[in-house]
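Q: So you can see what is in the structure, the chains are spelled out below.
Number of protein chains: 2
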Amino acid sequence: MAKEKKQPRPKAEPPKGFRDYFGAEVTERADMLARIAEVYRAHGFDPLETSAVETVEALGKFLPDVDRPNEGVFAWQEDDDGKWLALRYDMTAPLARVAAQFRNDLPAPYRRYTMGPVWRNEKPGPGRFRQFYQCDADTVGAPSVAADAEICGMLADALEAVGIDRGDYIVRVNNRKVLNGVMEVAGVLDPSDPTKFEAERGTVLRAIDKFDKFGEAGVRALMGKGRMDESGDFTKGAGLTDEQADIVMGFMEAKRDTGAATAARLRELVGGSALGLEGVDELETIAALLESQGYGPDRIVIDPSVVRGLGYYTGPVFEAELTFEILDEKGRARQFGSVAGGGRYDDLVKRFTGQAVPATGVSIGVDRLLAALRAKGRLEGRMAGPVVVTVMDRERMGDYMAMASELRAAGIRAEVYLGNPKNFGNQLKYADKRESPVAIIQGADEAERGVLQIKDLILGAKIAASASVEEWKSQPAQFEVSRGDLVAKVQELLARYAG
Amino acid sequence: MAKEKKQPRPKAEPPKGFRDYFGAEVTERADMLARIAEVYRAHGFDPLETSAVETVEALGKFLPDVDRPNEGVFAWQEDDDGKWLALRYDMTAPLARVAAQFRNDLPAPYRRYTMGPVWRNEKPGPGRFRQFYQCDADTVGAPSVAADAEICGMLADALEAVGIDRGDYIVRVNNRKVLNGVMEVAGVLDPSDPTKFEAERGTVLRAIDKFDKFGEAGVRALMGKGRMDESGDFTKGAGLTDEQADIVMGFMEAKRDTGAATAARLRELVGGSALGLEGVDELETIAALLESQGYGPDRIVIDPSVVRGLGYYTGPVFEAELTFEILDEKGRARQFGSVAGGGRYDDLVKRFTGQAVPATGVSIGVDRLLAALRAKGRLEGRMAGPVVVTVMDRERMGDYMAMASELRAAGIRAEVYLGNPKNFGNQLKYADKRESPVAIIQGADEAERGVLQIKDLILGAKIAASASVEEWKSQPAQFEVSRGDLVAKVQELLARYAG
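Protein sequence lines correspond, in order, to chains X and E. Just so you know, we're using the UniProt record's numbering here: the first sequence kicks off at 1 and counts up by one. Just so you know, we're using the UniProt record's numbering here: the second sequence kicks off at 1 and counts up by one.
These aren't lab readings, by the way, just hints derived from the structure by calculation. Keep in mind it's a predicted model, so treat the numbers as computed, not measured.
As the list makes no split between identical chains, a pair holds if one copy fits it or if it spans any two.
In silico SDA-like pairs for lysine to any residue, Cα to Cα no more than 25 Å straight-line: (1) Lys123 with Trp84; (2) Lys11 with Gly116; (3) Lys16 with Arg103; (4) Lys422 with Ala461; (5) Lys16 with Gly116; (6) Lys462 with Asp105; (7) Lys489 with Gly450; (8) Lys123 with Thr235; (9) Lys83 with Arg351; (10) Lys16 with Trp84; (11) Lys83 with Gly72; (12) Lys16 with Gly72; (13) Lys350 with Arg103; (14) Lys83 with Gln131.
Whenever a hint applies, use it, and build me the whole structure from the sequences.
A: What follows is the structure, encoded as structure tokens:
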């Protein structure tokens, strides 16, 4: 290494908005993603892993979400040619690049899934990180809404595969075309010039998307002149008249008891709009395709209140919501809410090739789904602590390592204490920190007699916490076994707690 | 979306030096890493996933490898405070940061493994990428060489777990202290001032590390005045005299038939160097600990020719080499070579806390190990193509999707063709591209009769390639079954090819 310079010590912390994941946090996520991948694979989706870095040119630099125009990417310039590179901010932009780049080699349609981190150069906040996981599945090159139906069904299957019970989730499906038909009726969409009223429609979309949060009055204010929040901040509205807003609100409230009844109501609302009618037809087709596969309304429903904020959706949109209640930070019961969403976006690949390629897909919010599984108690005990072989005689390290080896050969997680063995209490504290079920102890005297001590740390902890002297006597937390019985006795003990 | 601007189309390609991974490339790597993780976990190592982004301050900005001082990291400045952030270039620097940051919370010693991408701002070349996977296991806070021995044994276990047979690999262990003892004897290390001759020792280390490539003459040239390569490029040498070089070369050639004989030879070579003798003792301890766990010299050996290039190693160093031959690009047989390496580095955490914390670890070259498994034929057939349900009647999409659903419910990967169904030939071409074993076909007439056609695409391909007319007749590649027998018949067919 170069000569030591007198520099201030670096701070031992990650950049703000970044964090580390330890132990079970890593394995639980990996397990969950593996289960999802299995469902995706069963549906014929192939894995894809793109590079984390893209050219800013290919990425389009900013998030395509009109809701958050100021949020950016982490970007830097290449040393040699000055080209701007950036970390991907989602999985859709890289998919568009791959679909364009490999269009002659990939199967058409191309079904792919991908899972991995994305990065956003946003202001971090509590529980809001600048690196997080996404898990996406998309079908590129399939114009038929059968592709959308497939993804909705697959999403329901994936949720059940990771441990969300039927009845604890609902996948809601809507169609942007129906909404656009309603906008046409309301006079804020001109089919002969789709760019007209674009900003107004964006504002309406975002307003509808906030129905749960702001209620009808808030949404109406945002569709009209604008809305003042509690802090006094004013959000400019779309400028719709009350009559126009009535039409849009009618759409929001069009959900009926059955998919057929909802479709009939929507058909009334879109009136003469060709686009709107096309959208209703598509919703009916999706409902029929799902029914033919046995996905009932307890799993997937047509629901006009789902709009999804992103401007780029062009047809069906969908959202998976967890319907069970959890307690929020103030102890109030509330529904868990959305964990996945997606829809059809037919124009994304066009940026590269000039050709429109139909695409549809879903993105699962990995951290939210993990939090839901944790709230449901579905993640406990997936990572057991190791058996710790303690060290009584430093010079018999070989014996201790051999014990750990034997345990591992029998499929038991095991390790030797590798710190300074002088203070035996520290070794037991270490075993405690490791959440070890069992400690192995063998002093010189025991080694000579061909025996060792097995310390049941789970029972030990129970006794320390609550048990009476009688229980302690009847079930000793530490006992001597012959050296040759090490593996069998530890297996026996672990089996007792596995049940 | 914003108004369309007339901009040149972006190029559909990743930045240079980056690539995408498709299908089996993704699952094979994931499978291999899962097997390695299982071995690491069995040894008591816990997973850790640090953020991809670190402050440049925490990272130390440049690779700590004196061999490549000009290679850097991908770095950029924060918008608000101007702080420099960068993508991690390895897994060791983030571990050092975590070990310092969480030193009061982590178990001590802390065993951790991690796997994920790292990024290097290097000039890309053929097969040389700027993003690649590393898979590391380290023990922080264990001064005893038992920790090094554990990692060597675990490395051997991991190689066997992923499919490298015993006999096809060897883990070589050496000790930097022995080499430093030899350097002391040769007069290029002054124990009273370790910074003296640092550059010279760096050059000697790199020279030794290239023994396989340059041979004895090349290494001697680099230890002396320098070496001219075939292209005429001159590399400056360490400036050792012939006598000094003799002493170092003697170390390189100290390997004997048994570990004990090698240790005895090394003891002669380090003469009166206290550091050197300590190193030999450590090697003997490691050998004894490995023997007590049954790791024979067919798996792990003491080998003084292993030095590892990195300047920061302070004690034991180790390397896993695959010993089987593969054909190189010119068709010549050559040994596959190194797939993993590591060693003890006791000073890394000190940067943050001022306190020296002993650490030792290993890094597996994920891509090289995958290439080795591929060369050994251990990766074939791990990802089967889906059964493709073809579409004869667009309006009966629900029936086709139900067929795929039933197959999936029976654990069979299956999908419906979602492209334009008009040209049936395209559907079969698609099935071919998907490497489908079976296609399902049902026209209106068949639907009415309650039957469908199963097309055996594997047999079909065989017949197309080679079979005579007789074989074709005796084993039809397409046959009709009752609709109700779909799953059973496909299972039967797949079972035939699974064996």
